[in-house]
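**Student:** For the record, the sequence lines run as chains X and Z.
Sequential numbering of the first sequence, starting at 1, is according to our numbering.
Sequential numbering of the second sequence, starting at 1001, is according to our numbering.
No lab work stands behind these hints, which were simulated from the structure alone.
Treat the hints with care, as some may be off.
Covered, in the sense of this in silico footprint (three residues per stretch, anywhere, with C-beta under 8 Å from a C-beta of chain Z), are these stretches of chain X [said to hold, decoys possible]:
{"hint": "1", "region": "405–413"}
{"hint": "2", "region": "438–448"}
Label pairs and their in silico Cβ distance ranges [unchecked claim]:
{"hint": "3", "chain 1": "Z", "residue 1": "GLU1202", "chain 2": "X", "residue 2": "ILE53", "range": "24 to 34 Å"}
{"hint": "4", "chain 1": "X", "residue 1": "ILE53", "chain 2": "Z", "residue 2": "ILE1129", "range": "17 to 27 Å"}
{"hint": "5", "chain 1": "Z", "residue 1": "GLY1170", "chain 2": "X", "residue 2": "PRO422", "range": "25 to 35 Å"}
{"hint": "6", "chain 1": "X", "residue 1": "ASP205", "chain 2": "Z", "residue 2": "LEU1134", "range": "49 to 59 Å"}
{"hint": "7", "chain 1": "X", "residue 1": "PRO422", "chain 2": "Z", "residue 2": "LEU1178", "range": "36 to 46 Å"}
{"hint": "8", "chain 1": "X", "residue 1": "ARG372", "chain 2": "Z", "residue 2": "LEU1134", "range": "32 to 42 Å"}
{"hint": "9", "chain 1": "Z", "residue 1": "LEU1009", "chain 2": "X", "residue 2": "ILE341", "range": "27 to 37 Å"}
{"hint": "10", "chain 1": "X", "residue 1": "TYR380", "chain 2": "Z", "residue 2": "ARG1221", "range": "37 to 47 Å"}
{"hint": "11", "chain 1": "X", "residue 1": "ALA239", "chain 2": "Z", "residue 2": "ALA1169", "range": "45 to 55 Å"}
{"hint": "12", "chain 1": "Z", "residue 1": "ARG1221", "chain 2": "X", "residue 2": "THR5", "range": "23 to 33 Å"}
{"hint": "13", "chain 1": "X", "residue 1": "ILE53", "chain 2": "Z", "residue 2": "ARG1125", "range": "39 to 49 Å"}
{"hint": "14", "chain 1": "X", "residue 1": "ALA371", "chain 2": "Z", "residue 2": "ARG1306", "range": "51 to 61 Å"}
{"hint": "15", "chain 1": "Z", "residue 1": "ARG1123", "chain 2": "X", "residue 2": "ILE44", "range": "56 to 66 Å"}
Straight-line distance between alpha carbons at most 30 Å, and here's what the computed DSSO-like set of lysine-lysine pairs gives [to be verified]:
{"hint": "16", "chain 1": "Z", "residue 1": "LYS1051", "chain 2": "Z", "residue 2": "LYS1007"}
{"hint": "17", "chain 1": "X", "residue 1": "LYS435", "chain 2": "X", "residue 2": "LYS93"}
{"hint": "18", "chain 1": "Z", "residue 1": "LYS1210", "chain 2": "X", "residue 2": "LYS435"}
{"hint": "19", "chain 1": "X", "residue 1": "LYS214", "chain 2": "Z", "residue 2": "LYS1225"}
{"hint": "20", "chain 1": "Z", "residue 1": "LYS1225", "chain 2": "Z", "residue 2": "LYS1210"}
{"hint": "21", "chain 1": "X", "residue 1": "LYS214", "chain 2": "X", "residue 2": "LYS435"}
Small disclaimer: the values here were computed from a predicted structure and weren't measured.
Glycine included, C-beta positions come from ideal geometry on N, C-alpha and C.
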Amino acid sequence: MTDSTLLKTQLQAVSNLDFSPSDTVQSAEQISRPSLSYWQDAWIRLKKNTRAIVSLYIVIGLALFTLVGPILWQVDPALQDLNQLSQAPSLPKQAIFVEEHTRWEGIVLENFPAEPEAFLDVLPAPTNLRTAEAATTQAVRIVWDPVVGAGGYAVYRNQHLPESINDLGLPLGTKLAGNEVSYEDRLNIEGRDYYYSIVSTDGYDESDSYITLKVTPDLAITKTEALSRGLITEESIVANGETIDLEFHPFGTDYLGRDMLARLMEGARVSLFIGIVAPFLYVMFGIFYGGFAGYFGGNLDAILMRFADFVVALPFLLFMILFKIAFGIGPGESGVLPMLIALVLLGWPATARLVRGQVLQIRTQGYIEAARLLGAKDHYLIIRHIIPNTMGVILVTLTFAVPAAIFTEAFLSFIGMGVAPPTPSWGSMCNEGVKTMLSHPHELFFPALFISTTVLAFNLLGDGLTEALDSRMRSRE
Amino acid sequence: MLAYTLKRLLAGVVTVWFIATATFIAMHSVPGDPLMNDKAVTAEIRANLEKKYGLDKSGPEQYLIFMSNMLRGDFGISFTQQNRKVNDIIRDHFPVSATLGLLAVFFAAIGGIVWGALTAIYRNRLPDIIIMFLVILGISVPSFVFAALGQLSLVKINQLLGSSVIPVAGWGTFGHMLVPSLVLGLGTMALLTRLMRSSMLEVVNEDYIKTAKAKGLSPIRIFFKHQLRNAILPVLTVLGPQIAAITTGGFVVELVFAIPGLGRYFVQAVQQLDYTVIMGTTVFYGAFLVFMVILVDIIYGFVDPRVRLQ
């Protein structure tokens, strides 16, 4: 179409109706949307920030975990389940009922010489290595066929298949006669794969060949043990060979057999208590100190800030440790209170300085002067203008102080200067977990995961709050 | 410039004095004393020991002796290892910690500036998202977890390569220093990246950048000569206090990687209540930190002319 045709078509589309007077009345000065207060606006902004809302949910989840968790999962964190040490997270394990243990006589062959009649150059390995009966964690009984020329047998146990004669593993014992062809192993048996190897010896040297048997013992429990652990009652009738469910440990157990989930909940209480109460206290103190210094200004301000600078200059960790020793920890105490006090005493200057800076800045703003000219008194200015404007900074500082406090507490517990055992805290659990990191990673993984998630959630929440509350601090993107 | 430097140095000296006094007071309010661990507990021997170490004098007297000794650079003899002077302990082990710390700061600073600049250039695109995700991990995961994981990964790498290519623990060669200082610097690197990013984004909106663009300067020149230099300033401000954080974090790395640094000795001394070592190390560390902060401030004064003219 040409231009003029297009114009004509458009002009034809316009009709008289478009020029009739409109009948809606709208005042130019009317506010079309509801008026929002500072906090409502901040809340709307916060809700739009997905990361912040997710973090808020995580924080609420943590609070529930700490407060409600122990009610739902009523396992004593100090209770040791010696049957399941360092257990990885799994579904409930089952154990078989067995009789109390009695010493096994073993097998001593009658028509076989105890001493070798002739020494061979090469001693072969025994054959037909087998278990005498079902292997349980109570005892593993193995039997083998004798070797002519052997004066004894050495028994080894490894946790993986031996690759060579040098990789046979733990030497369990030696039989000192050629006709003793059995062995009973009771050493720390867990419900995992074991590889037993037998090497024949002539009384002086061990042979170079060996035979290996893979054994996976079943978890075993005696009736008295089950009774004492509350798994069965007095009246229950159980026969040997019946299985029973052992205590369920959804997150596994630690190296002493304590349930990880229960310990994590208790640790959450300790870590979050310190992590939230300590910053709360020192931020409160910082607000008063900084607000005071900022509002009155002048010499008072200079002196107060100089003192705060000194406290900042103190090497933080060193003084944390010294404070902790100074308050003294008795043998039964947990060490939570001294750490709290130390954190508060050393952490307040940062907030004080921030609040003071903010108060100083607000004091010079135009609206303060205007309000004063309109007749506002000091307390009105403080309550209505200065404090709400510092709230933004305060909230953000608080939200970032929490992960810092949790980190510090975890760090101190990790080096052994934090809460005293057996009180769990996520940091001390990490400390214990690091020791068995290679063999039982779950002991380190869960506390570290909890610490990281908590710190992350608070950090992201703090970021979201910063963007929502303070126009200056909003990142420009 | 000179007046600025002198003022800061003077304030530093006063701060060190304050640290020493505070440490002294803290140590003397601790229950128990260094002779607690000794086996010879008859009253006479104990009295003699107290006399020898000056523990029988009054608090203020001990303080004066402590101060005068300190001014002469004498921190005394370690209580638990009685053939070693505290000065020797510091002299033997501090260089190790210092190397570790400075290397960590170096990694953190370079890494932080580079990654931060990258995220600002590729704002909201894939490199930005990846780096910011790593940064968030770096801020949230505690340093000791990183140390443990770092050691674990070294073990795995050595297993893969067949032999012990990278040493897993200990100290001595450059290979020993590499991973521990990297692990130590990670947290600070994450922080600096974030800081650098927001600083770069702020600078980009400044008027002088627009002027430079209008003048026709090449983007590379604008980036290096104007953006980078101005954006580094907040990073420098934060670097001073971060050195303190790195030094304290060094304790853990030294423990995990079995590095014979001063941090390990300090923790041991605290657990054994070794007065002289604790006091000497605290004062030394305190002085070191104060002067590092002053040094960074002076460097900042060189970089930012506005500060000097105050």
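**Student:** Now tell me, hint by hint, if it's right for this structure.
**Tutor:** Hint check results:
1. 405–413: This one holds; 3 residues, not fewer than the three required, reach chain Z with a Cβ under 8 Å.
2. 438–448: It holds: at least three residues are needed, and the region 438–448 of chain X offers 3 whose Cβ sits within less than 8 Å of chain Z.
3. GLU1202(Z) / ILE53(X): 24 to 34 Å: 26 Å, holds
4. ILE53(X) / ILE1129(Z): 17 to 27 Å: 19 Å, holds
5. GLY1170(Z) / PRO422(X): 25 to 35 Å: Given about 33 Å between the Cβ atoms, the range holds.
6. ASP205(X) / LEU1134(Z): 49 to 59 Å: 58 Å, holds
7. PRO422(X) / LEU1178(Z): 36 to 46 Å: Cβ of PRO422(X) to Cβ of LEU1178(Z): about 38 Å, so the range 36 to 46 Å holds.
8. ARG372(X) / LEU1134(Z): 32 to 42 Å: For ARG372(X) and LEU1134(Z) the Cβ distance comes to about 50 Å; the hint is violated.
9. LEU1009(Z) / ILE341(X): 27 to 37 Å: 34 Å, holds
10. TYR380(X) / ARG1221(Z): 37 to 47 Å: Given range 37 to 47 Å: violated, Cβ gap about 54 Å.
11. ALA239(X) / ALA1169(Z): 45 to 55 Å: 53 Å, holds
12. ARG1221(Z) / THR5(X): 23 to 33 Å: Roughly 53 Å apart at Cβ, these two residues miss the hinted range, so it is violated.
13. ILE53(X) / ARG1125(Z): 39 to 49 Å: 24 Å, violated
14. ALA371(X) / ARG1306(Z): 51 to 61 Å: 33 Å, violated
15. ARG1123(Z) / ILE44(X): 56 to 66 Å: Violated: the Cβ-Cβ distance is about 25 Å, outside 56 to 66 Å.
16. LYS1051(Z) / LYS1007(Z): 42 Å, violated
17. LYS435(X) / LYS93(X): The hint holds at about 25 Å.
18. LYS1210(Z) / LYS435(X): 56 Å, violated
19. LYS214(X) / LYS1225(Z): Violated, because 69 Å separates the two Cα atoms, which is more than 30 Å.
20. LYS1225(Z) / LYS1210(Z): 14 Å, holds
21. LYS214(X) / LYS435(X): 28 Å, holds
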